[in-house]
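Chains as they are written, first to last, in this note's numbering: chain E, 1 to 281; chain C, 1001 to 1589; chain F, 2001 to 2306.
Simulated from the structure, these hints should not be mistaken for lab results.
Backbone N, C-alpha and C fix where the C-beta goes; we use that ideal spot for every residue, glycine too.
Please note: incorrect hints may appear among the correct ones.
Claimed, not checked - Selected chain E positions facing chain C (in silico; Cβ < 7 Å): (1) Q36; (2) L47; (3) G50; (4) L62; (5) A94; (6) H165; (7) G217; (8) N221; (9) P223; (10) Y240.
Unchecked claim - Using 25 Å as the maximum straight-line C-alpha spacing, the simulated DMTMM-like pairs for lysine to aspartate or glutamate come out as follows: (11) C:K1479 - F:D2033; (12) C:K1479 - F:E2027; (13) C:K1246 - C:E1178; (14) E:K267 - F:D2192; (15) C:K1479 - F:E2049; (16) E:K267 - F:D2196; (17) C:K1206 - F:E2049; (18) C:K1208 - F:E2049; (19) C:K1158 - C:D1218; (20) C:K1129 - C:E1398; (21) C:K1479 - C:E1423.
Here is how the chains run, residue by residue.
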Amino acid sequence: MRKTRWPGTLIAGSALLLVFTAIAIAAPAFGNPLHQNLLSGLTPSGLPLGLSWAHPLGTDALGRSELARLAYGIRTSMIVAVVSNVTSIAVGAAVGLAAGFFRGPVEAVLMRITDVGLALPYTLAALVIAGLMTAGLTRVIVIITALFWAYPARLVYGEVLRLRHRGFVESAEAMGASGTSIVARHLAPHMFPLLVTYSPLNAASAVVFEATLSYLGAGINPPTASLGNMISDGQSALSYAPHLLLVPAVAILLITMSFLLLGEGLKARNPDLKRVSWLGR
Amino acid sequence: MSPSPRADPGRWIVPAPLPTDRRGFLRLTGAAGLLGVVGTAGGLAGCSTGNAAAGATGATSATAPGGGARIHEYVPGPQPVSGGRYGGTVNVVWSDPPNSFDPAVGYNLTAWDAITEVVFFGSLMAYDKQLGGPVANIAAGPPVISADSKTLTFTLRKGVKFHNGREIVASDFIYSWERMLAPALASWATSYLTSIVGANAVINGKTKTLDGVEAPDDHTLVVHLTAPDFTILNAFALPFTAPVPKEEVERLGDTAFGERPVGFGPFRISGYDSAGQTASFERFDDYMYPGLPYLDGVSYRWGVDPSVQLLQLQSGAVDLIGSGIPSSQAAHVLATPSLHALTQQRPSPGNLWLTIYLDHPPFNNQKVRQALNWAVDRAEIGRVTYGTYAPWGAPFPEQIADFAPTFKPYGYDPAKAKQLLAEAGYPHGFAATLTISSDDPFPAIAQIVQAQLAGVGVRLSLNQVSSNALDSLEEAAVKGGGHLQLDADNWYEVQPTPADEVDALYTTGASSNYNSYSNSDVDRLAAQARETFDQTARNKLYAQIQQIIGEDAPFVFLESALWLAGVSKRLHNYQYRGETYTYYDRLWV
Amino acid sequence: MARTLIRRIAFGVIAILGVAVLAFLLEFVVPGDPARAIAPRAQSAAVLENIRIQLHLNRPLIVQFADYFGELFRGNLGTSYVQRQSVTSLIMPRLATTGWLALAGVVAEVIIGGALGVLSTLYARVRAVVAAVNLTLLSLPQFVVGLVLLLIFGFRLHLAPVTGGAGPAEIVLPALTLGLVGAPWYAQIVADQMADSLASPYVRTAVAKGLPDRYILWRHVLRNVLSPAITMIGMDLGAYLSGVVTVEVVFGWPGIGLLAVDSLQNLDRPVVMGTVIVGAVAVVAFNLIADVLRMYVDPRTREEPA
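Please construct the entire structure, taking both the sequences and the accompanying hints into account.
So this is what it looks like as structure tokens:
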């Protein structure tokens, strides 16, 4: 395959992500997502308003500006995408590195724990954990970290083993390098391309999972705006206010797509890494 | 098709006006956002098309002049009963599966509907009319009450049969109550019978015999109370005191009996579908009220999402939405004319309020609490509950039979609220946390209240938790922990009398008195009322209690509940009571 | 190969136990009192206390733990707090119902994904279109796809039943949802493997020998596709069986996922534990079966990686 520096997918993905990041940062400029206009924001019979100049994306069931809620929902999704991505990969990489480097009982225990992590039914475990914490961004990040670390751990572990097979570790040890320095200088740098290629997929999954959690009521609850709980609210209003469902749904679609495009673009830049199985969930 | 009604002149039962009132609230867990408010007073018209008097010429087996069957006997419950056509089945749809059809154990909506009116029908007594108290049911007439009001003697009707054909006798009641009180069954309702002599001993497992009840012969039942307690008559109208046949319970075992109950109501259970999602009930031909029921059968289908339930109602796949239309769907219903035509309002006595936790400032100041009550615009809440609640700024539901209130309900007066706050020492308001469960309609109402209270300087932050977590916090609050400041609750009556709320929420140490409200006058009046069998005299006492509680304002009284039913055009004479749900015996298609 | 298998089974059992222990501990930390969930109208603390005693909730955590796992090793999952019947009898029918959905979903995603993959490999003109379709499908959360399908085909067009039942008519939309969401993964596998094998020396030789196209596709290409596909199918079946919660919630499909959600709500711990354990068993078992099948089909994978 021809190796391009800037494949189309990479450009498209990055551009979209820039737009969303800009919206996320500038969210307050779109209005107040919490302010209820029970008089001016609803029809006389109490139903939400559709699109208009005053309310470019209409209002929701409590008269709040849908545009403002969308902006804040995007902000939430972007924060989740970045933070939980970093935390889950960090935890996973640490476990994978430790297991691969130390071998022996440490490896066995860590890999069994990873097996448990992979055997957990995602949504159920999320619902159970959700019962333990108060609703909000922290809860979502904790849940995602707790559920998403196992796969990167496996990936990193596999990569460490591969490097061992190629003698990286042995030769470093023969040169007299100490344990931590081996990990830090000889193993870890090899993980970066792997993890960088994996993270957009991870981020996309995190965004989707947060939306699912909030939809099920186990993530971020109203009045805080999240794309997931906006979809949940919009579902019951579908017959008379379809924009309440469509707007957040399209937003999720585009955010997730932009991460995936980025991931595709990164892979296209470096075809060697295509062997990274994207059999990840 | 179905047997014609037998006219039995010997069975005229004149409803005796009971000297006792019925009170009691039943608190339901928030599921499905139940609503119940009295839209119009007294008996409401049946369904959308005319019933008995309309001369239904299309009657399939009309036996009385003027069309529609005539039921000669008086049947307790919302009237009318006569005028129906025989035949047909009704499909009812629910969200949740019944937890059990065992009348001593069933408590969720699906189960309650079946054990109050389908497989069983009341017990010794049954509630009468739309708002009335208990009248004779299996009992042939009102009980003879001794001079000290501690002994009640019931004479039973003859010939009331269980579904297995055996006649119900007095000893069946003793067996059933001993079974219900026994700790092994873990019934939730044991405390309703604690005023019977010897009940506590059974509850504590010290004995299996209930000493305070005797059956001198098959048709006489004598109940001894430890102290006069009118609410026992309400308990005798509720399913957990219903008689169950000992031979069937022993043959089936408790678990199977909960799935295949043997009762005495207008329908018997005929089976389930293979997926275990539908229960079918068929007509019981030997029902105690001859001529009823009209229907051949009823079927319950559960596990259906509320929005899908509405769709099924519209398409005719189901005839009745079992748990009513929740507030989350009410807007959709309002906006869809074809659905709007399928809704009916019924009274369903209940309340919704914010509980104020009284142990810490500023909430230990009565002026602050009153200020909160004046600061809320209840009508504005109505804009987003779409007619599923009615504004009501006072304790107790809005409609109570034979009740003359003196307390004037709170309204919306932010100026007065600010003035009271200033007088209490909070001219700039204060900050507080409102904890709510995530069940409908609490999140929406909480958001509105938050915005409204901000207008008088009270800055609320909302904390939404699962309803189970909220229960835990409330229980912890009673013991001094939990750190709740404000939360939102609702309550639904199982007895049409303020006693239920008073004895559960407002008396010192009451079971659901989570904010530890304590007022000795309320306690004294409540104890006195409980011993008063005369309804008018008793309700005067409750009016006094309402006045005290209203002024004391341990709650921010918000709404009185409304029941919005989803009823297909096919159904006639849809009758419903908040305490006992849908009356299928008088329903026809 | 036998040693590998035994090791894998042993690890699987350990994983299941680990999940069970974790679920047990989590369930007990969740705030809420099951007795209150059962007796919301209880009028006195004594009633609640009695219920707690009957449910053995008043015993110390260690004792309850020992009780539960003791019963578990005997194959007894306990009794539901709410429904008063054995957890196994509650779960098994629901598991079967979810099983049908899982099967239908896998069939759907293999067909849709396979078609997309083959199309994109054999016909260069549609490659971009297929890529766009894949991307869109990957970007949509499961519940959004389900909702959209429900709204269009159920509510608007009235083509599909929305009764919330579990019959052949009702399985179409939920299975289609799973199929659409999972298709891109299969499309990717099929496209990759087809591309690889079509470029391989074996195929070049076969073409040079003048063998028919279909024969080549069948013998050389399919075998290569089967191996990763089987792994993925195993993972999917396991994942779906352990509770496709969102799809079941959206469509009201009475499966094990919906049972778990309801039980969580009611603090019916034995049922929640039961569904989690059954789910973990499903995941481990199907992954194992898939691995065995794969090793059988593709001898190159018989060597266990370190």
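Is C:K1129 close enough to C:E1398, meaning Cα to Cα at most 25 Å?
holds (17 Å)
Would you check whether E:L62 satisfies its interface hint, that is, whether its CB is within less than 7 Å of any CB in chain C?
Hint on E:L62: holds, closest Cβ of chain C at ~6 Å, below 7 Å.
Interface hint compliance - E:L47 to chain C, C-beta minimum distance less than 7 Å
Cβ of E:L47 sits 6 Å from chain C, so the hint holds.
C:K1479 paired with C:E1423 [C-alpha distance capped at 25 Å]
violated (31 Å)
Given the hinted pair C:K1208 and F:E2049, is their Cα-Cα distance within 25 Å?
Roughly 19 Å separates the two Cα atoms, so the pair holds.
Need the status of pair E:K267, F:D2196: alpha-carbon distance at most 25 Å?
Holds, at roughly 17 Å.
Has the given pair, C:K1479 with F:E2027, been kept, meaning a C-alpha gap of at most 25 Å?
holds (24 Å)
With a cut-off of 25 Å on the C-alpha distance, tell me whether C:K1246 and C:E1178 pass.
Holds, because 11 Å separates the two Cα atoms, which is no more than 25 Å.
Measure nothing beyond the straight line between the CA atoms of C:K1158 and C:D1218; if it is 25 Å or shorter, mark the hint as holding.
holds (9 Å)
Taking the closest Cβ pair, is E:A94 under 7 Å from chain C?
violated (32 Å)
Hint check: 7 Å Cβ-Cβ cutoff, E:Y240 to chain C:
holds (4 Å)
Is the hinted pair E:K267 and F:D2192 satisfied, with a Cα-Cα distance of at most 25 Å?
holds (14 Å)
Comparing the model with each earlier hint shows violations of hints 3, 5, 6, 21; every other hint is respected.
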